[in-house]
Structure formats: structure tokens, C-alpha cells
Amino acid sequence: MKITNERNLFQVILFAFFPLLFIFLGTSCQKDTVDDMSVKIVGTWHQTSKTIDGNSATKDSTRLLMQINANQICILCDSSSAAIKAKSIINRSGWSYTGGLLNIAIDLPASWTPVVDSNSLSIRRLDFNQAGGITKTTLTFERVANLVIN
Amino acid sequence: MKTVYKLLILLFPVFLYTSCQKDTYSPNLAVGLWKQVSVTEDGVPMTLTPEQDTCELLVDENGAYRCYHQSFKSYNNGNGPTSFYGTWSVLDGTWINFTTDKWQLIAQLTSDSDKVVLAYKKDINNNTVIDTLNSVQKQWSQYHEQSRFTILQLSNSVMEIRLKTFVGEKKYALLFAPSPSDFIELKPAPAGKLIYIPKLVTDQNYWIIQNELKTLKTYIFKFKKETY
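From first to last, the protein sequence lines stand for chains A and B.
Counting in the numbering used here, the first sequence runs from 1 upward without gaps.
Counting in the numbering used here, the second sequence runs from 1001 upward without gaps.
It is worth saying that the hints were derived from the structure and are not from the lab.
Keep in mind that the hints are not guaranteed to be accurate.
Straight-line alpha carbon distances no greater than 20 Å define the calculated EDC-like cross-link-like pairs of lysine to aspartate or glutamate that follow [claimed, not checked]:
1. K136/A <-> D60/A
2. K1225/B <-> D127/A
3. K136/A <-> E1061/B
4. K59/A <-> D127/A
5. K1225/B <-> D1101/B
6. K1224/B <-> D127/A
7. K1073/B <-> D127/A
8. K1035/B <-> D127/A
9. K136/A <-> E1226/B
Make a model of the complete structure from these sequences and hints.
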């Protein structure tokens, strides 16, 4: 009699924890979403346009050419007269892609929201203006053949 | 009846599993543009200056945030800094950390008369006056430190966070927009340094500030989400 009761109790416990198995299965097998932006963004990019709040603006001379390397280093070619005079045309910086944002070390704390396809890249950053509003700056690039920049 | 028991037995562990989950906030909810709407000190709404009233936070997904306010806008002939930055993180879905600039009081007293040590200079009339620029730089030491806020509310529209800290730590810090009366402009600006610093410490306010640095109060900052 006692054995039967214990067996029944065991069956009840086993039965009770059965749904937990499905909960654990359901939550443990959730796959992390894969974002291949870090791969797509690698390459050499030539700036084609710049807009501020949707209005066309003079190109950003600090990065007319931008090379993003797989080793988390990017090279920005600065064509401003100040850079040419100071012979600092090439600027190297670290980069990372976290939280859907492209972080270029020399631009931090501002970061960029990238949109990329095979041949074009656009990056958008947000900044406070003097009045406290948000200014949206977008740079558009086209992919060019990889160059060796020294 | 047997079926009802079976169902109850089935639902019991599910209930146990879900009821033990603590109410926590997702870090994603903190991302966005927030406008400060109120600050309370020990439950009493603080009167904010128009410069403090402009305070906004732009919280990015990558762990950086930027803060806008006009507390120092009048500096540098009206071109003073308005944008400041730091890092943020959510801990255990319960706390939110923001790193901010703070200043530590390092003003010294003379050993013989307990007077605040000040630097002096001659003005154009050859009178001896306090050299404010030199004095304040020896009275305050800037550092960048994390403040941990308890999240009271965090949703798609409201962020309410609470910080228990010393009155002086709140006043002489960028938490988030300081009162312009607690800071002064460094003029002429020292090369490579900030152009703002907490006010000059004198014999008149030294003990007041010391007391502020020993008085604990609870601050609640409320923000509403803005679209951009």
C-alpha cells in the first residue's frame, strides 16, 4: 500500500514538472540574432554627399575617403587645408560596432547609425545643437577599390 | 474533478516559475532622447533656473550618453559649452549608472587661523585682490565618477530615477544640469582645461560647503521621452 502511494506521489511530481521542461526548452533554444554589419562595413569608401537635417551640405573634408579594416582600425583621409598644412592627411582611429552603432574612436561620444549594402554606405549621427534641438548629419559613401594607404 | 486536479498540478510549477521573476527594466527602454521635467530633493520639488530647465539626455545604445543644458552657455561671450557626455549602463534591471563630472573640495585652511588659503594679485589700481582663477583651481579637483540611480519608472514615455547622495556632491557635479550660481567661468580660460569650475571658496562659505558635503538627501529626477 505504502509503495503504491509513494509511486503515485512520484508520478504526480513528475507530472507537475513536465510543463517546466517545455518552458526550459522554449527559452534555452532562443538563438541570438546575427548582425553581419561588422563584416559588410569593411572596405574602402568614398564620400559622395553630406546632408544636415535632410538638407544638402558641404562634404565632410575630414573623411573624404574612409577605409574600414577588419582589424578594428579605420583610416580617414582628411583633405582640409589645415590637415594638408599640418601634414596630417591620414588619421587612424579604432572602430567598433556595438548596439547597432558604429563607433569611431575620434568621433566619440557621438556614434553613427550605419546602413550598408554592397556598394553604398550611409552613416548618420545625432548631435545637440546650441538651442538643444537634435541635428541629424548623414554622410553617404560609395565603395571603391581597396587601396593601400600608408 | 480529477481533471481539474490534474490541471492545477500542471499549472502550479508554471505559476512558481513566473511568479519568482523580479520586476526589472530592459536597458533598451533607456535609449532615446529624454527631457528633464522635474527634480525633487527629499520629496520637495527643486526650483530650477531657466538654464537647468533646458536639460536633456540623449542616451545611445552603445553605452554613451550626451547631456544638454545651458548652465554654462553664457560663458565664453555666450558661446559656452552646452553638450556634455559620459557613459551609462543598467545593472540587474534595477539600477541605472551614469558617469558624470564631479568636483572634490580640496581647499586648504591656514594652520594658524583656519582661514581659507587664497591666491592674491594686484589689480590695475595696484590694490591687492583675490586671484579667483588661481584660487579656485587649487580649491577644487575634478574627477569623473559613476552615480548609481535606482530606477523608479522606465517606460517608453517616462524615466524616473532616484539618487541618494550628499547635497554638495549633487551641487558641484554635472547631475545633470547644475545651478549657474554654484559655478564660475574660468576667465581667461586655462589652456586645455575646462572653462567652468565650482565657485570660489572663501571664509564665508567654506563651512557651508563642508556641511553640504556631509548632508545626505534623496533626489528624484524625472524625464519624459521626446521624439526626434
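Next on the checklist: Just to be careful, I want the Cα atoms of K136/A and E1226/B compared with a cutoff of 20 Å; is the pair within it?
Outcome noted: Holds, because 15 Å separates the two Cα atoms, which is no more than 20 Å.
Next on the checklist: Next pair to validate is K1035/B with D127/A; report whether the Cα-Cα distance is within 20 Å.
Outcome noted: With Cα atoms ~15 Å apart, K1035/B and D127/A stay inside 20 Å; holds.
Checklist entry - Do the alpha carbons of K136/A and E1061/B lie within 20 Å of each other, as the hint requires? => result holds (17 Å)
Item to check | Pair hint outcome, K1225/B versus D127/A [Cα-Cα no greater than 20 Å] | outcome: holds (16 Å)
Checklist entry - Within 20 Å, alpha carbon to alpha carbon, are K59/A and D127/A? => result holds (17 Å)
Checklist entry - Is the hinted pair K136/A and D60/A satisfied, with a Cα-Cα distance of at most 20 Å? => result holds (14 Å)
Next on the checklist: For K1073/B and D127/A, compute the direct alpha-carbon distance and say whether it is at most 20 Å.
Outcome noted: Holds, at roughly 16 Å.
Item to check | Hinted pair K1224/B and D127/A, Cα distance within 20 Å | outcome: holds (19 Å)
Item to check | Hint consistency between K1225/B and D1101/B [alpha-carbon to alpha-carbon, up to 20 Å] | outcome: At roughly 24 Å apart (the allowed maximum being 20 Å), D1101/B and K1225/B break the hint.
Hint compliance for this structure: hint 5 is the single one not met.
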